[in-house]
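So the protein sequences, as listed, match chains A and B. Residue numbers for the first sequence follow the working numbering, beginning at 1 and rising by one. Residue numbers for the second sequence follow the working numbering, beginning at 1 and rising by one.
It is worth saying that the hints were derived from the structure and are not from the lab. One or more of the hints may lead you astray.
Claimed, not checked - Distance ranges between label pairs, derived from CB positions:
#	chain 1	residue 1	chain 2	residue 2	range
1	A	V9	B	E294	50 to 60 Å
2	B	S145	A	L148	29 to 39 Å
3	A	V159	B	R150	31 to 41 Å
To be verified - Within a straight-line C-alpha distance of at most 30 Å, the following computed DSS-like cross-link-like pairs (lysine-lysine) qualify:
#	chain 1	residue 1	chain 2	residue 2
4	A	K60	B	K198
5	B	K156	A	K95
6	A	K33	A	K130
7	B	K186	A	K95
8	B	K102	A	K95
9	A	K95	B	K157
10	A	K130	B	K198
11	A	K130	B	K159
12	A	K98	B	K156
13	B	K198	A	K95
14	B	K9	A	K95
15	B	K139	A	K97
16	B	K186	B	K151
17	A	K98	B	K186
18	B	K151	A	K130
19	A	K97	B	K79
20	A	K130	A	K97
21	B	K159	B	K186
22	A	K184	A	K97
What the hints assert, rightly or not - Here's a subset of chain A near chain B, in silico, CB distances under 10 Å, partners left out:
#	residue
23	A34
24	R35
25	A37
26	T45
27	Q70
28	A73
29	V74
30	Y80
31	Y84
Where is the CB? At the ideal position from N, CA and C, for every residue including glycine.
The chain contents come next:
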Amino acid sequence: MADFIRNPVVALPDPNPESHFSEEELIFTEDEKARIAGWVSQYPTSDGAVMWTLWLAQEKFGFLPPEVLQLVAVELSLPYAQVYGVATFYTQYFKEKKGTFVLDVCTCFSCQFCGGYDILAYLEEKLEVKRGHTSACGRYTLQEAECLGACGSAPMMQVNNGPYAHNLTPEKIDELLEAMEAGKPLPFVSVTLPQDEDEMGGNRRTDAEAVEGYITPPRSERTQ
Amino acid sequence: MPQVIIDGKSYEFEGRPSLLQFCLDHGIELPHFCYHPSMSVPANCRQCLVDIGAPMRDRQTGEIQVDEQGEPVIQYFPKLQTSCSHIVSDGQVVHTARSSEKVKDAQRDTLEFLLINHPLDCPICDQAGHCPLQIQAYKYGPEGSRFEFRKVHKPKKVKLGPRVVLDAERCINCTRCVRFTDEISKSGQLTIIERGVKNYPMTPPGVSFDEPYSMNVIDLCPVGALTSVDFRFQARIWEMASTPSITTTNAKGSNCHLWVRDNLVLRITPRANPDVNEFWLPDEDRLAYRRFNEDRPAGPSIAGGTRAAFSSWDASLQRAAEILQSAGENAVFIASAYATVEDNWMLMQLADAVGGQVAGYIPHIDPGHGDGWLCTDDRTPNRQGCERLGIYPIDETLWRARIESGEVTALYVLEDDPVASGLCSVESLAGTEVILHYHHTTNQTLPAARVALPAAMAAETIGTFVNESGRAQRVIPAKAIKGTNRTLMMQMGLSRADRHGTPFDRWHNESHYIDCKPSWEMIPMITRALGTEINPQGPRKIMQHISETNPAFAGATHDAMGLTGIDLCLKESFQPAHLEGTH
Ligand code: SF4
Ligand code: FES
Ligand code: FES
């Protein structure tokens, strides 16, 4: 966003993009079709199933170029334009080919305050990729994201539209990247809700030991 | 009857009207952008906000509560409501910007938001002068903007399709254009892409916005974001005069406005008529504006030997009269489904006066062209008008044979082109004296014409057309022709001279006056030369006469037709038995 504010130019999408998939590749299997039909049956009109189906298509093809959007439109009997509109609305739908790992680093208000840009810069350096781009090796796509709703554990990032990594520090990022490279699932981190603070000895962080510096002051102290 | 109080005045209403439409119908202006009466209501522009309340009732007794003064206590919605999506109900109290500061502020702030990224390029925008955003910003908007950052730049002059250009920066994302393609034309070619400050309407990659009704989004767009490839930068809105008319490209007779500057028709836009075309006009009707300007003749001509030479009107009509006189009963007349009822009626009187025969009209049917909406297979505007006068499609085989045999010594063609339509060839007309009323120099019968008479087109004449469903509608002149015709001048309206230009205006071009005459003016001049006077004369009196004497036109006077036309009796009631099944 910061780049956009500095240079607020919206580009025209390529009106005649090259096709990435062949005719033979562009099909849904019977099983997939059945799943789509299942979603469609849950709504009065097939519009309702468009997001599910796009999701499925993205998992299958990796990203959503126009020919895949057209496939979805045909499958749901919706205008191609409408499917295109939905796909461009959400940043989580990838309109172009991305790296194996898509890292969405939050640089919105709270994360920015807690060092979101430092995290982003650290990743840029480490992965040798500029924000908004995919690394030369094709493994990492680094993106800036707006608030992902986990401000309480800022700075944070999201990996592949899925797991969140909270309370980021350079060391933690090194660990995360190692796990990713090793093909291991990201360590699950639960974020405690304020109402659980009592059980946690006044601390809202499960990983309190790991990040000494971030310990929330016990509630009793705060209210005094 | 249920009542609603708007700005302190009470109004009765029926049914379940939307508040915005109700206000507009009652002359209460409410600013709005996204609402359109014939499409769904997304309530996304937020410009039509009003404050709505209802009298508070006691929960137990259901009685209306009153304050110390005995006035009912009004309970308002906690937030302002969009009037377009609000269905009026009994007893409600509404405040518009006229009686509520809150509403006034809200509308002003909405406009400030809408204008944040708007380029404010009104001085070069085609929409300026009739732009709802411009008008409402002046009326309801803030005096300036507090936004001091760089405006977002979006794609400009994007050719969405062959006829529509997009300037995404001007767009306020009201989605009218998208809803038109989704709900009205059903082409589904447009969508809003991206989101937030980045969004704008677009076709998906690889798709061109080329549907046959694409240009309707240009009128729908409440800003100048969608403009016409053809009309872009051609004229400012205030330089043109607009005349209510109907389109003559097909048998639908869609209602339209003809926009004229200096006697050139520059564009055609729809005119709302719920009984014919609602708010819409197909692109083919709009692009027909060129027909009024291009390939127009430069005056009447008489062919002597092989060369045609321009002549005076008197001499040409005199020559026509001589030809008809010597042909007598061998003179054959071809009526025209392109010409008005009045012109065709005149032709019938001329045939009577000469003693010749009206062979019929040439049908111009293009099977498969119609779409069941505003385009028809029939490419002529007045086939039914002819048939109601008792003129039927010409028997081509019969008349082709007669023309080729040389039996027809004089052929009088009203506003049509028998050669192009395949009725006969220029060669087969060698022995026939042809008198031709024509619109364009591209008319292929011209080389065979002995007397060629330029006829006024729908934009220049007064007359009646009957559309395929039997609706009689009339046209009035939108532009002036050369020469003086009092009847035409009167109908043009006196305030118009400025727009057409006078010889003192630098931009005025004398050659834009076409040297043509309405057929209803030419034909009586011919009969006069023959020593007969046709009565009545002038389109208004002719129509009066026809409506009184021909039951198929009962009631169809110019006054009764007004601007939106009237439905005539059913076609079946005048169709002669022997012609049934031939259409
Ligand atoms: S282009 Fe015009 S009609 Fe379409 S969304 Fe924008 S403002 Fe509305
Ligand atoms: S600001 Fe980063 S998650 Fe809310
Ligand atoms: S007209 Fe009501 S919100 Fe747009």
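Hints and how they fare:
no.: 1; hint: A/V9 - B/E294: 50 to 60 Å; result: violated, 41 Å
no.: 2; hint: B/S145 - A/L148: 29 to 39 Å; result: holds, 32 Å
no.: 3; hint: A/V159 - B/R150: 31 to 41 Å; result: holds, 33 Å
no.: 4; hint: A/K60 - B/K198; result: holds, 28 Å
no.: 5; hint: B/K156 - A/K95; result: holds, 22 Å
no.: 6; hint: A/K33 - A/K130; result: violated, 38 Å
no.: 7; hint: B/K186 - A/K95; result: holds, 26 Å
no.: 8; hint: B/K102 - A/K95; result: violated, 43 Å
no.: 9; hint: A/K95 - B/K157; result: holds, 24 Å
no.: 10; hint: A/K130 - B/K198; result: holds, 22 Å
no.: 11; hint: A/K130 - B/K159; result: violated, 33 Å
no.: 12; hint: A/K98 - B/K156; result: holds, 29 Å
no.: 13; hint: B/K198 - A/K95; result: holds, 16 Å
no.: 14; hint: B/K9 - A/K95; result: violated, 55 Å
no.: 15; hint: B/K139 - A/K97; result: violated, 48 Å
no.: 16; hint: B/K186 - B/K151; result: violated, 34 Å
no.: 17; hint: A/K98 - B/K186; result: violated, 35 Å
no.: 18; hint: B/K151 - A/K130; result: holds, 25 Å
no.: 19; hint: A/K97 - B/K79; result: violated, 45 Å
no.: 20; hint: A/K130 - A/K97; result: holds, 16 Å
no.: 21; hint: B/K159 - B/K186; result: holds, 20 Å
no.: 22; hint: A/K184 - A/K97; result: holds, 23 Å
no.: 23; hint: A34; result: violated, 26 Å
no.: 24; hint: R35; result: violated, 24 Å
no.: 25; hint: A37; result: violated, 22 Å
no.: 26; hint: T45; result: violated, 12 Å
no.: 27; hint: Q70; result: holds, 8 Å
no.: 28; hint: A73; result: holds, 9 Å
no.: 29; hint: V74; result: violated, 13 Å
no.: 30; hint: Y80; result: holds, 5 Å
no.: 31; hint: Y84; result: holds, 4 Å
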